[in-house]
Amino acid sequence: FCVYGGHKSDFDGHSKISRNSLHVFPFVYLPVCFSVSTQGPPPKGYAETYVNNTCILHANEAYINIDGTDLTDYSQVDDGFVVGHNTIYVPGGADGAVVKGSNDQVLTAKKIQDSRT
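For the sequence shown, my numbering gives the first residue as 11, with consecutive numbering after it.
Careful: at least some of the hints might be erroneous.
Said to hold, decoys possible - Restricting the straight-line Cα-Cα distance to at most 25 Å, the calculated cross-link-like pairs of lysine-lysine (PhoX-like) are:
#1 Lys54 with Lys26
#2 Lys18 with Lys54
#3 Lys54 with Lys110
#4 Lys18 with Lys110
#5 Lys121 with Lys110
#6 Lys110 with Lys26
#7 Lys120 with Lys110
#8 Lys18 with Lys120
#9 Lys121 with Lys18
Calculated directly from the structure, the hints in this document are not laboratory data.
Construct the complete structure from the given sequences, taking the supplied hints into account.
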């Protein structure tokens, strides 16, 4: 149970695992459940993992922030991140759960999930 805590990786860190946690109003350098900052995606075999978590956000806060990653380049996403089976509570529901990538990319988590099926 983490109040104001979430998953963060920065300064070329990698292989961190957040599993089965409750993150309430997380703030990891910015208000976000899962954040990878100041670097691109981890190399293959060193993925960041965020699975089976529950995250409660205020309005206009991101579910995921991944600096230096093109969210539409699935080779970057698939090699560097293991994310799934999370429950996100945010005003606006699925449309409010946003994912931010490089160059101010903003997609909803639902849109990413739909594009992958």
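Against the structure, the hints come out as follows:
1. Lys54 with Lys26: Holds, at roughly 14 Å.
2. Lys18 with Lys54: The hint holds at about 18 Å.
3. Lys54 with Lys110: It holds: about 21 Å lies between the C-alpha atoms, which stays within 25 Å.
4. Lys18 with Lys110: Holds, because 14 Å separates the two Cα atoms, which is no more than 25 Å.
5. Lys121 with Lys110: Within the cut-off at roughly 12 Å; holds.
6. Lys110 with Lys26: 19 Å, holds
7. Lys120 with Lys110: Distance ~13 Å between Lys120 and Lys110 Cα, so the pair holds.
8. Lys18 with Lys120: Roughly 22 Å separates the two Cα atoms, so the pair holds.
9. Lys121 with Lys18: 23 Å, holds
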